[in-house]
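S.K.: Protein chains in written order, with UniProt numbering: chain A, 1 to 345; chain W, 1 to 345; chain Z, 1 to 345; chain X, 1 to 345.
This list has only true hints and no planted wrong ones.
Since the list gives no way to pick out one identical chain from another, each pair is judged satisfied if it fits inside one copy or across any two copies.
With a Cα cut of at most 25 Å, we get these calculated DMTMM-like pairs of lysine to aspartate or glutamate:
1) Lys47 - Glu106
2) Lys6 - Asp301
3) Lys148 - Asp301
4) Lys47 - Asp301
No lab work stands behind these hints: they were computed from the structure.
Protein chains: 4
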Amino acid sequence: MILILKGGVTDEQVDHVIERVEAMGLKAHLSRGTFRTIIGIIGDESKIVVESVRSIPGVAQVVPVLPPYKLASREAHPESSVIDVSGVKIGGGNIGMIAGPCSVEEEDRMHRIAEQVAKAGANIFRGGAYKPRTSPYAFQGLGEAGLKRLRDVGDAHGMPVVTEVTDPRLVELVSEYADMLQVGARNMQNFALLNEVGASQRPVLLKRGMSATVTDLLMCAEYILSKGNPNVVLCERGVKGFDPATRNLFDVAAVPLVQQLSHLPIIVDPSHATGKPELIPACAMAGLAAGADGVHIEVHDCPEVAKSDGPQALLPEQYAELASQLKSLAALLGKTLSPLPEKTA
Amino acid sequence: MILILKGGVTDEQVDHVIERVEAMGLKAHLSRGTFRTIIGIIGDESKIVVESVRSIPGVAQVVPVLPPYKLASREAHPESSVIDVSGVKIGGGNIGMIAGPCSVEEEDRMHRIAEQVAKAGANIFRGGAYKPRTSPYAFQGLGEAGLKRLRDVGDAHGMPVVTEVTDPRLVELVSEYADMLQVGARNMQNFALLNEVGASQRPVLLKRGMSATVTDLLMCAEYILSKGNPNVVLCERGVKGFDPATRNLFDVAAVPLVQQLSHLPIIVDPSHATGKPELIPACAMAGLAAGADGVHIEVHDCPEVAKSDGPQALLPEQYAELASQLKSLAALLGKTLSPLPEKTA
Amino acid sequence: MILILKGGVTDEQVDHVIERVEAMGLKAHLSRGTFRTIIGIIGDESKIVVESVRSIPGVAQVVPVLPPYKLASREAHPESSVIDVSGVKIGGGNIGMIAGPCSVEEEDRMHRIAEQVAKAGANIFRGGAYKPRTSPYAFQGLGEAGLKRLRDVGDAHGMPVVTEVTDPRLVELVSEYADMLQVGARNMQNFALLNEVGASQRPVLLKRGMSATVTDLLMCAEYILSKGNPNVVLCERGVKGFDPATRNLFDVAAVPLVQQLSHLPIIVDPSHATGKPELIPACAMAGLAAGADGVHIEVHDCPEVAKSDGPQALLPEQYAELASQLKSLAALLGKTLSPLPEKTA
Amino acid sequence: MILILKGGVTDEQVDHVIERVEAMGLKAHLSRGTFRTIIGIIGDESKIVVESVRSIPGVAQVVPVLPPYKLASREAHPESSVIDVSGVKIGGGNIGMIAGPCSVEEEDRMHRIAEQVAKAGANIFRGGAYKPRTSPYAFQGLGEAGLKRLRDVGDAHGMPVVTEVTDPRLVELVSEYADMLQVGARNMQNFALLNEVGASQRPVLLKRGMSATVTDLLMCAEYILSKGNPNVVLCERGVKGFDPATRNLFDVAAVPLVQQLSHLPIIVDPSHATGKPELIPACAMAGLAAGADGVHIEVHDCPEVAKSDGPQALLPEQYAELASQLKSLAALLGKTLSPLPEKTA
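For reference, chain A alone in the conformation it holds in the complex:
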């Protein structure tokens, strides 16, 4: 960590800063420049409360030298992690293909969609039983009945399932039914929830918040990892942007950036990122070409009757066409769409 002192700093202030640094068990290395004095802090930076240091009189700026996350960093874990979701691998050249409707819907529709996406190449089935809706008057999901249906449909088609958990009190229940727990964008910094999914052993799909930097995202992964759950898959799903032409702004550069900073896999969700079916295939291809470890797509066979988020769903036949293109692209990049888990008799 480097402290840049203010222009007219006094000797007393400099001494006080050094005292404070040494009181934390660290060494201060003073360097007087022509216009500014800087102090390099030598020792274990994690002992420092950055905010307190910034408040020491005479300090103008604090420049961290190390990232604030450790377990999530590639420095700590140079090899890329491969996460196993009940037999389906994500990361290290294995492409996760998560697909399904936004909400868990009627049973026969669920079976139809699952069958079609599995045939097209999807390897994890999704559907929301607890929906975080911006309106209190909107459909809030089927709850436990939805979990059960999702599980049954997944089993029938040999697919692991992922579903969102929105409440720390529900983590245990959801874990009984789902192979993977999704933490949604609006809950990325719901630390009570992160602590609970961290205590679970289910793999977690952690979606980037709408105003989260990549560092913020990795800090939330750190929460989960630090609680003992190493199975985190990150998801870029669009950040808040200024152009109303798309629902969010798909930050595709976050994919290679995360992969340089962290060993955790990262997938893309062009459904939420764009909110427009006509842009989803192009953005899915872009994500994979940028190096993503998977693609999350909402699929519905009749978007006009979907209980939520119909307008951003692909039709099953559109998904099949896209999946076929993604397969070719993965091959070009030396990667493979992960196969469905082998059936254990």
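Given the structure of chain A, go ahead and fit chains W, Z and X onto it with the hints provided.
M.R.: Relative to chain A, chains W, Z and X alone:
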């Protein structure tokens, strides 16, 4: 609600749209323009699932005519609400002055700060017992011991207290100690938490999320109101911006905008909005001049040892000077800083 | 265009709105809903000054039905345009590969870079002679000497050249030397400059401004088209974002969005979009996979001595590796990197 | 300037960095920490090309210690500048009140508006003769005839006038008619134009670009100052935001921030910042309360026939009411609205 149809829409598609609208118990009013056909929907718009309508083939755009919130809207409740926090009024010309340290700290420090801010004009004391920290390794608050201390200090100085609740499982406990429950920016769309504070009867201080539009904020207030708790005070605390010179971007225009759209009081938090003590007084004045119903300021008597957010705290003497200016400005605007509640013997 | 009237609008106000609409030579189609009255305007919308209409008393909201650009729209010109830059085609399956240093530099370095990028597959050579620098003290480019050198180097290696023009007074001069005129992001809405490049017959590379919506970008293209120059290539080069980890936020979804709204080709510039060489290849691949008609990359053989923007340049060998991957990807997508123009003896 | 080197940097790389720094005539001060090596650069930082330094192999990050602007900085000029616009002072406690229609309009309307705003307290009259319009089909201003009319109306009512100049070729002509030259937000980084207004001796009203940081704004002021024109007034007029409820996001914190970093006056323009007349008074008050040196407001007596930007104009009577409140607020803050210049017989 108005549906704008696509350029080359067929008669069959137009008929199908009308059928779907009528199936929802509404009337469709067709209007063929030179270049586009539009359909006005007549009836109770709240019956419509906007997203489904947008997915009907041939529909290019859906334009809502009414705001999606009802209980929070000024149409529903033309008079400005005045919220009573254990005897301190916020709204309708009564200015709430919330002040105190970021976290609950040592007992004597708490008493010292409370005494100084109360003397300066603060009428609600704040302090965090459960801190939502971006790092799992940072100080997470004192928990229930912090709640108890906050309560005791508030009582000793005759001030109601507000503190943040971050977990739906803690709403009951926090309500036993606090006069007002704060929902933080990162939890604005934590709907499980909103439902719990909505079921409580404690006034709620709802902070705007970093990427929340004013409509998003009012929808979250609607969650709380719809659960039966009418005592919501909104708080503008800065949104995500692109200039690293300030921590967030203080959206002062949100104050008059909220007041036009809603009857709920709105206060400003220039501490979090700017993250820089040297900008806080100017932004506090700006907020009040824009019509805010209160000002939330972090105050600490030794920021360099603060357990959290030291760099954005004012010193007690800086707070006193600011409070005096705010008092003069309030008088100019025909408003008053709410007095401390009278002691009941 | 649709006018949504305010809640308590009077009959007199409604009549006045209709009068005003009819005074513009248009028809008003009234529709009274349960909660709001709307007026559809029938006729040639381009006659309307949107802003004036929004100021008519009683009008709450104006909803345009048609895009504000015409010549740039795909409705007006369903087939994708192919722009010819002195023999190199961009659009319609032909990939433009623009490469070269940020600024025109020393002669031998220019020759070396041009030779290497041409060999790798680049088909247009770039270099700035007039540099828009954020500091008045930074290197401002070589001016006309730079133009001449760029032309000579391009000719020696059989490549058309593109360079930025920043001043309407220089359009004629730059057109004498360059095959394509670049309008930079900071000048996207420099309408005096747009008018001049519109009056030229040189193809124009129009870069998206940092806070420009896709509609804003297409309106600027409309300026150029409306002056008689149909040869416009658009460029997505990153918009302003909140995460300091990248220089800008690469909006890859703008590529398919522009292609749906407009017939003009659009290329991507991952160098400026990310500002980080280690992210450029992934974002270049993402752009092409999303459907871009070309890729603009800065290349320098010794970034640490570059006169500008060294940190975002690829080395020639890095460019060669990327170009080879782009070529494979183009083939997968059924497209081809445009060949260099044939030499005319 | 501080260079933070990469994690696994070699001794050869460290030596090479030091050589490069010394080759620029500066001293390098090496400091090896536990996890990273840092190099402090001692000497005149302005000799350094930041970008080149960042490209030296082994350098991870470059941290500037001084702001990149000099003439505009408060360090260079501790006393606040007071700019004289033909007798009307802006800065140092003198409040500039700029008011008038968006575009120069019909002669009698111009006289009526000028008379009313002057009576209310406005001290500089505004009106656009050259309009930067987003559509090539929109009204582009009256040109020189508009300049002449603005001048005549200003003279008739004893007010200096300000008008926008959009083209470097027009600076001389506009300077003949106007007392102050406005550089609009879209042209903030039009360096050709900045150079020309820098060579003029007319005071310049420099508006902040929609995606410009405060540093970017001050760098553009530096362009003008460095060309010899010290008379620059800055203007905060809203930056690009994500909430469509307002036209832009009024960044009121930029006012005190600029005043800490720079000696130049800064005014606010709530008309463009909000785009909504009902929010303008609150934001004007907020700006003044935050310390702004002036307020720029668009005023029109019949917005529905305005040639541009009608919806964001106040009516003259609304302006008079606001001006009266601003006058009281200025008095509370110990400031005064500058009087009109005395007539010279």
